[in-house]
Every structure is written in structure tokens, then in C-alpha cells.
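Protein chains in written order, with numbering that gives the first Met the number 0: chain A, 0 to 351; chain B, 0 to 351.
Not one of these hints is a red herring.
The list cannot tell twin chains apart, which means a pair is met if one copy fits it or any two copies do.
Heads up, simulated EDC-like pairs for lysine to aspartate or glutamate below, C-alpha to C-alpha not over 20 Å straight-line:
| hint | residue 1 | residue 2 |
| --- | --- | --- |
| 1 | LYS39 | ASP69 |
| 2 | LYS196 | GLU4 |
| 3 | LYS225 | GLU4 |
| 4 | LYS321 | ASP308 |
| 5 | LYS321 | ASP129 |
| 6 | LYS310 | GLU343 |
| 7 | LYS39 | GLU265 |
These are calculated hints, taken from the structure and not from any lab test.
Nothing here was measured: the structure is a model prediction, and the numbers come from that model.
2 protein chains.
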Amino acid sequence: MGNWERNVRRVVPYVPGEQPVRTDIIKLNTNENPYPPSPKVREAMERMDFDRLRRYPAVDTEPLRSAIADRYGLNPGQVFVGVGSDDVLAMCFMTFFQSDRPILFPDITYSFYDVWAELFRIPYRQIPLDDNYEIRTEDYRTENGGIVFPNPNAPTGRLLPVRTAEEIIRNSPDSVVIVDEAYIDFGGESVLPLLEKYDNLLIVQTFSKSRSLAGMRIGYAFGSEKMIRYLEDVKYSFNSYTMNMAALQLGTAAVSDEAYFRQTVERIIATRERTAVRLRNLGYIVPESAANFLFVSHPELDIGKLFEDLKEAGIYVRYWKKPRLDNHLRITVGTDGEMDRLAEFLQNYRQN
Amino acid sequence: MGNWERNVRRVVPYVPGEQPVRTDIIKLNTNENPYPPSPKVREAMERMDFDRLRRYPAVDTEPLRSAIADRYGLNPGQVFVGVGSDDVLAMCFMTFFQSDRPILFPDITYSFYDVWAELFRIPYRQIPLDDNYEIRTEDYRTENGGIVFPNPNAPTGRLLPVRTAEEIIRNSPDSVVIVDEAYIDFGGESVLPLLEKYDNLLIVQTFSKSRSLAGMRIGYAFGSEKMIRYLEDVKYSFNSYTMNMAALQLGTAAVSDEAYFRQTVERIIATRERTAVRLRNLGYIVPESAANFLFVSHPELDIGKLFEDLKEAGIYVRYWKKPRLDNHLRITVGTDGEMDRLAEFLQNYRQN
Numbered sequence: 000m001g002n003w004e005r006n007v008r009r010v011v012p013y014v015p016g017e018q019p020v021r022t023d024i025i026k027l028n029t030n031e032n033p034y035p036p037s038p039k040v041r042e043a044m045e046r047m048d049f050d051r052l053r054r055y056p057a058v059d060t061e062p063l064r065s066a067i068a069d070r071y072g073l074n075p076g077q078v079f080v081g082v083g084s085d086d087v088l089a090m091c092f093m094t095f096f097q098s099d100r101p102i103l104f105p106d107i108t109y110s111f112y113d114v115w116a117e118l119f120r121i122p123y124r125q126i127p128l129d130d131n132y133e134i135r136t137e138d139y140r141t142e143n144g145g146i147v148f149p150n151p152n153a154p155t156g157r158l159l160p161v162r163t164a165e166e167i168i169r170n171s172p173d174s175v176v177i178v179d180e181a182y183i184d185f186g187g188e189s190v191l192p193l194l195e196k197y198d199n200l201l202i203v204q205t206f207s208k209s210r211s212l213a214g215m216r217i218g219y220a221f222g223s224e225k226m227i228r229y230l231e232d233v234k235y236s237f238n239s240y241t242m243n244m245a246a247l248q249l250g251t252a253a254v255s256d257e258a259y260f261r262q263t264v265e266r267i268i269a270t271r272e273r274t275a276v277r278l279r280n281l282g283y284i285v286p287e288s289a290a291n292f293l294f295v296s297h298p299e300l301d302i303g304k305l306f307e308d309l310k311e312a313g314i315y316v317r318y319w320k321k322p323r324l325d326n327h328l329r330i331t332v333g334t335d336g337e338m339d340r341l342a343e344f345l346q347n348y349r350q351n
Numbered sequence: 000m001g002n003w004e005r006n007v008r009r010v011v012p013y014v015p016g017e018q019p020v021r022t023d024i025i026k027l028n029t030n031e032n033p034y035p036p037s038p039k040v041r042e043a044m045e046r047m048d049f050d051r052l053r054r055y056p057a058v059d060t061e062p063l064r065s066a067i068a069d070r071y072g073l074n075p076g077q078v079f080v081g082v083g084s085d086d087v088l089a090m091c092f093m094t095f096f097q098s099d100r101p102i103l104f105p106d107i108t109y110s111f112y113d114v115w116a117e118l119f120r121i122p123y124r125q126i127p128l129d130d131n132y133e134i135r136t137e138d139y140r141t142e143n144g145g146i147v148f149p150n151p152n153a154p155t156g157r158l159l160p161v162r163t164a165e166e167i168i169r170n171s172p173d174s175v176v177i178v179d180e181a182y183i184d185f186g187g188e189s190v191l192p193l194l195e196k197y198d199n200l201l202i203v204q205t206f207s208k209s210r211s212l213a214g215m216r217i218g219y220a221f222g223s224e225k226m227i228r229y230l231e232d233v234k235y236s237f238n239s240y241t242m243n244m245a246a247l248q249l250g251t252a253a254v255s256d257e258a259y260f261r262q263t264v265e266r267i268i269a270t271r272e273r274t275a276v277r278l279r280n281l282g283y284i285v286p287e288s289a290a291n292f293l294f295v296s297h298p299e300l301d302i303g304k305l306f307e308d309l310k311e312a313g314i315y316v317r318y319w320k321k322p323r324l325d326n327h328l329r330i331t332v333g334t335d336g337e338m339d340r341l342a343e344f345l346q347n348y349r350q351n
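Same shape as in the complex, but just chain A (with noise of 0.2 Å):
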């Protein structure tokens, strides 16, 4: 036995949310769409050309990235395309943040974050969300290698306005300002305007929430044409083709029904609104959420006994163990109908 181990790299991987193989639960513990995606992506899945699979998929990733550019008014050269946010969101990590100085996050927050930093050897510091769980802009005027935060924020679905998180980018225009916008369908306002303006901005996307394809793995990033050539020269040193036929073409079929997307998000947020109404009325401190989740505690309850009970019953949602995150429970807006048994398993709950 050699001792190639001194050589192995060692991580604290990201933990993702269970994925129980039992079918018979109810799944809010991963954020995923609970309608099916657009009609037209089951179309073009029959459509798709079997023979051409023996080929290499679209090095430039199109049309995916024409049909993104196309709907959000951008040009194809400002949009970058991934496995899933957290592949361009890996990718950023390691092109943008290469600095001494540390890159700065909240302290809750995606928790992915401080993993990549770990993995990529890139300094951080975490800045505390106020006691109300808010982004205090101020704190992220100081010197930085980089910023990153969600908007809205994740796990507390508390969205930042434009303007507010227009103050970090303009205080840090020697810092690339990731703001990642995973949630920003469900009711939040993008900063993409402010891309004509500040040059060190990336925002990143996907379509695993408001568009169903959680399965398929699609992210993308906007920012200026030189920030995506930038991205893309790292992407093109790891992995020249990193999507699949299927995604490229699922994706596009996906960006290209608006009627279906906007139907779908706002039956997502009347079911969110409708359920944190019927939560608080049972006692729960169910803050206001721009995203697919609710960010639930109470003023009595042990939560994570809350959460075991949960999932005894079947319902399965999201829970840390961390300070300031162990008395909440982060809970995905599921159908009508599946909303409605959280809430009759709530109403007739008691802890001894």
C-alpha cells in the first residue's frame, strides 16, 4: 500500500436533500416544481433524433443558449450555459474568485457556497443576516475578493428590491457580484437591467424550479460578453461538452412556452400564499417568501422533533441542524392538495 493519499484532496462535500425512493410521500424537501414541465418538452423529447446521439452534442451549447438569449433579450455572447446552477455556479467560483483577499457571503444562505470555497482553496468570510434574517447591504462594503448571494435568499425566501441590491454591486466594482437568482420566478424582480451597467455583474439561473426540469440539469448565467468569455474559457479547459443532447433540446423546448411558465409560477403563488395564511392561523411565524418555499418556525414547537414527526407521516421537507437555522423548518410549496395535508398533519398535531 503506496502513499498516494498525501496527494487526494480532501472536502466536506454539500449534502443535498433526501431523495426517498418510497413513492408514496409527500416531497417538499427539495424545492422541486410539483407540475410536470411544459407540454412542449415531451414533444420535443419524441422528437428527438436517435441516430444523432452517436455524435458530440453542440460544443456552443445552441440552440439552448440562442432560445435563453432570445427570452430574456440578451445577446447569445452575454448568456453562459451549465449542468444545473450549481455546475455555473462551481464554474464562477473558480473563474472569477481568484484572490487573496476573502469572498463574501450571508452566513445563511445556500449552503453550497462555502463548499465551493473550500473545494477551490478560496478564501471567505460569512456575514451575518440581521436579526429579522435580512441582507444588511452595508456589511458588504468592505474590501472582497468576490460577493455571492442568493435573491431572494435561501432557505429564508427573503427578497432584496433592485435597488437594494444595486448598492452591492456599485460598492464593489473591483469585485465580480454574483447575485443568484435560482428563485427569482416566483414573484421576486431580477436585476437583469442593471447588466447595461455595472460590468462585474453575473447572475445566474436555472431551470430546475419555475420551469419543471429539475431532472434535465439546465443553469445559465447572464453578464457582459467579456465575463462570459471569461467563463467559457475555463469551461472549454474542464469540459468542452457538458450538455447533453437531450438537455440542449428539452431546455429550448422549455424557454419557449411563456404561457405555460407563467401559469405554472403563478399557480405556485397562490398555493404559497394560500398555505402561509393557513400556517399562521395555526400559530406558525411564516415570514413573507418571494421563492417556491416557505421558511416556517414557532413559538413553542420543537422543530426538529416537528420535522422527524413529518416525515414519519410521510411528509418529507428540509431541516438543518445549524444555529439560527435549527428552530425553522424550510418547506416547498407542493400542489393544493398536498399543501392541504401539511396542513391538516399540523392542525392536529401536539408535542408532549
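Fit chain B to the supplied structure of chain A, relying on the hints for placement.
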């Protein structure tokens, strides 16, 4: 305009073979399979559960991982799956080559190795092939932080016998040795049986060549369970869900059709041998190849000009303007009909 560019990781990316939009060409430039995937892949495509696309794919890359393990007589814990062998190799470089000593690979080889080394800032040394374009195992008997070589080598097609490859693995017990077997199915013998004997051995293979699935992006690695766990930790720190649902399901179907796999590979080998004889009869130098391509030179012709003239005639092959390579073409083995067209062109070809 800020100074954010000073924090950008600058790289010289890998340049993949041209993917022309024209469809009337003979495409022998990226080592794709001339035959479509197994009919079982088409069936899997037709069976794909559209509604499930809203859900994240299996985080453990099942059932593909177990299907590969079964096919090769391993445990699923000895198998790692990624987005093409490029993704697998990139993860391996990041995971196992964390050393101040240089990693070693041939000077003429897969041109992505130095790109990954540059990307991850890994010191490296390129060991010249001998005058006959062969790997000399004794050259690798030197202090190193890791070793990687393709077997058969690309673009030369030269195969090392298992016993010779074993010398390299045995002589560097303190480093991970990666044997990149992207082309092993076209007549080579895998080092797989050595896995029991050497805990520093990692083997990488792909669905892109022998299984006609370049368009699906599926690669995999074999190693000890401990080694695969290290690799997975890094992968889970990068992107938890790399394999989309289509890749998992279509890949599983492909690996289960052993009869079709053997038949396709045998056809390609027969065409390769036939083409080699024919080109030699036309005065070309065509060494034995154990891959799905030929490494072709000529005692008199200007090979760079031949490359351009072939392209002009609609026949795309691969050419590198690099020392020791600029007098060679790498020609992918296509169908018999395609190779006949190539041979006819060469038969009538003259340079003034």
C-alpha cells in the same frame, strides 16, 4: 469600469475538433462511432417518464452505476460516473493530483491533460515518446505527483500490453496512476484485472466511442472503494447532480446490450484493418492501431496541405500544427462506405 479582471483565472482552453454544421461531409475528425446506439437505447428513450423530469435525478447515479458495475464484475462502490470521460478526468486531476511534485504524461497524447494541469495549477512534466511514438516505461520511474496516460494512446493508436502498463503502476505506488482507456474496446486489453493488486490504480472509460453515445456525455472510472469515495467527495463538492435523467436511463440501456456492443466494435475493427491495408498500398505509413482511428503519415506529402485539401473535398479529419505531430493525420474509422470515399480521394490525390 472596475478592476475585477485581476481576480480572473486566465487559461488557454482545450480546442475540440470542429463540429461543422454542414451535413453533406464525411466526418472523421472526432472519433465518433459511425453506427447509431443500440436499439435498446431508443426503447429507453421512448419509455422515459416525462413527469419525473420535474424531480432531481438520482444523486447516486443509479441505475447506471450498478449496470456498469455488473457489466465489469465490480461493486457499485468501485464505479464513478461523470459527464463524459472529460468530466471524470477533470475530477480525478482535482482529487488525486494535489502535489508539489510534477505529474507525468506523454508529450504526444490526449491534448486535454496539460489543459487540466494548467487549470488546477498542477505542476507537470511531459515525457517524450520514443522515435517510434511509443511510451518507454522506464521514463516514468522517477519521482512524481501522479501519472496519466491513455491506453491505447491518442492520437497514435499505440497499445501497451497489460504487463507493460503494470510496470508503470507498480513503480509509482505513492502516486495515483490513471489509465485512460477511452479506446480500449477496439482491440486492446484493459488493465481492469490489476485493480485487485494495486490500490493506486484508476481506470477511466467512456460511452462516447464504443457505445455510440457521444451525444449523451457519459464517462466512468474504476478504482478501489476508498479511491472512488475520495472522488465522490470532490464531485459532491462541485455539483451533486451531474448526470441528468436521460443520461442515466439511456446509458443503462446501452450497457445492457452486450451483443450489439460486440457487433459494432467488430465492424469498426474490420473496417480499420481493411482501411489500413488500403492506405499502406497507396504509400501511406499506417502503424498498427488499437483504437477507432488511424495515425497516418506519408514519406513525401505535405500533410498540412493534405488536411486542407481533404476538408475542401468534404472529408474532415484531425490535424495538429505541433512538433512531431504536424506530419500526421488522425483519421477516425467510419463506415466502409466512408472509408472507401477517403481511399478514392487519396488514390487520385497529387501535390505539386
